[in-house]
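Student: Listed below, chain by chain, are the residues.
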Amino acid sequence: MNQLLHIPSHSGVDMLYGMLDCPAGEQGSWPLACILLSPGVKPRVAPHRLYRKLSGEFVRRNIPVLRLDFAGMGDSQGVYDAKLLADVYTQVQAGQHIADVRAAMDYMAQRFGIGKFLVGGLCGAAITGLLTAERDSRIAGLFSIGMPVVLVGTESAAVRPPTAALLTANREIFRRKAMNPLHWVRLLTLQSDYGLLWSVMRESLKRGFQKAAVWRKDTPPENQTGQEPAMPDFLDRNFVRAIFKLANSGRAALLLFGGTDRYFSEYQEYFAVPWAGQIAAVGDRIELQVVPEANHVLGEPRWIEKAKLAVGDWLDRIVLPAPASSAKQTKSLRTEVITNFERFLQLRNQWTEMLGRSSSNSVTLTWEWLTTWWRVYGTDRQLCVVALWSEGRLVGAAPLLRRKRLALAASIVPVRRIELLASGEAPGHQVCSDYIGWIAEAGTETQVVNAVLDALVAGHCGTWDELLLPDMQLATPMVAALLEACRLRGLDYEILDREACPLISLPAKWDAYMEGLGSSHRYRVRRALREFEAAGGKYHVAQHADELAGMQATLMSLHQTRWTARGEPGAFGSSLRRSFHQQFMPLALAKGWLRLGVLRIGDQSIGAIYNLNYANRIFFYQSGILPQDSNALRPGVLLHANEIAAAIDAGCHEYDFLKRGESQYKDSWANGSSELGLVRVAKPGLSNRLTKGARRARMRLAVIKRAVIRKKDGQ
Amino acid sequence: MPDTESKRPLREEAFSIPVDTGRVFAFLHEPVAPAATAVVMVHACAEEKNWAHRVYVSFARNLARRGIAALRIDCRGEGESDLEFEDSTLETRVADAVGAVRFLRAQRPDLRNIVLLGHRLGAMVAALAAVELGGELGALVLWDPVYDGRTYLLQVLRQHLAAQMAASGRVSVPREELLRKMTVGELIVIEGYGFGGKFCKEVLAASWVDNAAVFRNPTLITEIASSEVPRLSQQAESIVGAHSVVTAISVKEPAFWRENRDYIQWAPALTASTVQWLESL
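Chains as they are written, first to last, in this note's numbering: chain A, 1 to 715; chain L, 1 to 281.
Just chain A, same shape as in the assembly:
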């Protein structure tokens, strides 16, 4: 059974189309779905309907398969902005379709309640699936056929040396032809394809024997040293970064190749051999399967059958046993409720390691951020960190606190409230810790959520009426697991205060990023950089502890001057908030996370920015800009331009502007967004009904108030 799905794209303009191949049985009983993506520029069935042939292997294991057409491809709406096929391939390798995959996952989560996905497909689909997995922890595994590991369709691709396998094959073809008089006759009677002949000879002789030799001379036959090898220009750095990130987060990848596919020999020679040590370190999470003799598209029935066996085997061995092993962990999870701050301080190493293994690895959930927050804001609160242990390893945690006094829900109803650590500050003093929440090793979200709820329901954190969990990233396995667990337990839950965080999925090159900007914004950025350089401007980022205090003061002064002039308190007006950052910044600098940058022209500082570089993601936290009569120098533009360029150079994959708020300018830089929201969980009962009733009443009152004001203004 299948059905065509109409999936709203993240742009909100175009509709994406995908065909869902459904397992028999009840819809909604699927814990996992597979999304097969447009292969290159082909529609969602793939060449010779390859995806339809493979889909059955998933469906028979109760895994629905969504075959998705990217925007501007197949049946989906939209126009692809590319003149050449090579341009399309370049854009695909730069992550052009990540937003489409995420839109499809959002849709599947909303409609079918699915929180975990396998993604991938053939060629361009494989790299898109991988790049999305790097950014979205809902992806539990990658299914790839014919993964390109070199840059395809770019200038780099044109100069990449042929692999040894390709050279051998070409030499073999020429050797056979040379033995056959008919081919000499064809050659001498002008019947041969001289263009092809010339290009093969040129490739083999000029590039093959020279450049390949140069490259191979520097590369050990198999690198088991554990040190990262040098990357040639033609290797896709996005692939290398993303595949290890996927594997290091505990997720699995199946890399399936046809044995005669050029992409296979490139994978072997340019990745598997030089990176053998690193691949070995991630164990069986990167699994290579080769169908001997098969070509890139597996264009023979016997090759398809072998591919089906390989996929089925991978699903049965690697993907599907996961719930069983997780269930085993549930039995062995030990719960510790930490109410003593000294005990929390002792967990530094275990906490850091657990966070690194989780799918919610954000700077605001680090031990450094949370402990600093508690030192500044802990007064009148009781620490309640629920830690889950398995065989001496910290596998999950809910960093919580409870107020020592009753809180007022909707400013009226007194409630016993448990909140997330690093949230709930008094108005005017908020640190704005975006991306906080509960933490679980990837793949154990359901078990961790249940263990935490068990502890809460049993009263190990005291009695409570509501849990307030603000600023959690909504499209995550953690939130999906939490909502599902609440539903099964009969707890009331709702998502409030949704807000988008504009972000940039960073390409490998600055020029590629600039090309993706709107023309007027691109012009502004280029002009600002040009004028800043002409004015002799310098951009400096704090490197040492001894320069930190001065640069911190510059940031705060520039920020406060500008905002207080507008009659606003400014982000650093609160002594508590200032204290938090004065304590956190040195910790962040020591960890290599802090990017405190100042723009100077001569002796004058015209702008400063406070970013955090954590786990290859940049979080834009705050900035300060010199108030000036004219905006000629555009310090705001310069700060972000310098930081984005530095992030690209450092190999970061995302630049996150955090919550948009009133700052519409963030959209002009961004090419995507993530959504945060407040998850409220409440025990059903009178208190909950009163709280929700009071909130509704306040909302109605606000509407009436606005109407009255409008009417008054009209009169």
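Because the hints were derived from the structure by calculation, they are not lab data.
There could be a bad hint or two in this list.
[Unchecked claim] As a list, the in silico DSS-like pairs of lysine-lysine whose alpha-carbon atoms are at most 27 Å apart:
hint	chain 1	residue 1	chain 2	residue 2
1	A	LYS177	L	LYS181
2	A	LYS53	L	LYS181
3	A	LYS53	L	LYS198
4	A	LYS245	A	LYS659
5	A	LYS53	A	LYS306
6	A	LYS83	L	LYS252
7	A	LYS692	A	LYS705
Just so you know, these numbers come straight off a predicted model, no measurement behind them.
Using the hints, position chain L against chain A.
Tutor: Positioned in the frame of chain A, the structure of chain L alone reads:
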């Protein structure tokens, strides 16, 4: 670019059309106001269908924005429809085209005119379906039609030779031998598509060029060439000479049903000439 030309709204809907013992997947693009004319589109065969897919979609959306409904079907054995490719035949494809026209007529009784359009082998299918549909059809459009089954199959087999060369560096089975094998019922797999004996025999035997029953309705033959001054083929000229209802033109477009250096999402000259002809009906 096609979709930025106009932002006029359109409706899109997918459904299955029951034919014989199977289902044909269909995608309907409609203007918001009821259309008087609909075009049923029959695609090319095998990988030519995949390469041409986006041009088909763009053309269908363009029609819908101009007030003409477009129904794209996947013949059985291809796309989202039933049957394996090797089990599909020319006969099943013709049945699918006929079934789609009759289904649309039943679903949209207000339609005044239904036009059948086919591309490459799909044009041969459309021509054969037109014989069966007779007066049920308002007009016929044939884009770069396959006139001769043998020439077409030899073109298809070239890919097989290329695959042999890539795999082993030599051609072990020449084209004529492959063609002979096909006609005696042997399955020849070309890039994943299994060309069966029945299908090949039907394609070899299909004779539509000299069939007067094909040309009972106004017919447009559009040949596609990449040359600056495209010229009509002898087959097209002879058809025009024999049937007064036939118009034949030649337009300059790249062969969008094959892999090209350019990424082709849209065939402007082909679209413009076809739309102009449809609007003149």
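Student: It remains to establish, for every hint, whether it holds in the given structure.
Tutor: Structure-based check of all given hints:
no. : hint                : in the structure
1   : A:LYS177 - L:LYS181 : holds (26 Å)
2   : A:LYS53 - L:LYS181  : holds (26 Å)
3   : A:LYS53 - L:LYS198  : holds (23 Å)
4   : A:LYS245 - A:LYS659 : holds (25 Å)
5   : A:LYS53 - A:LYS306  : holds (12 Å)
6   : A:LYS83 - L:LYS252  : holds (18 Å)
7   : A:LYS692 - A:LYS705 : holds (20 Å)
This entry satisfies every hint, going by the numbered hints stated previously.
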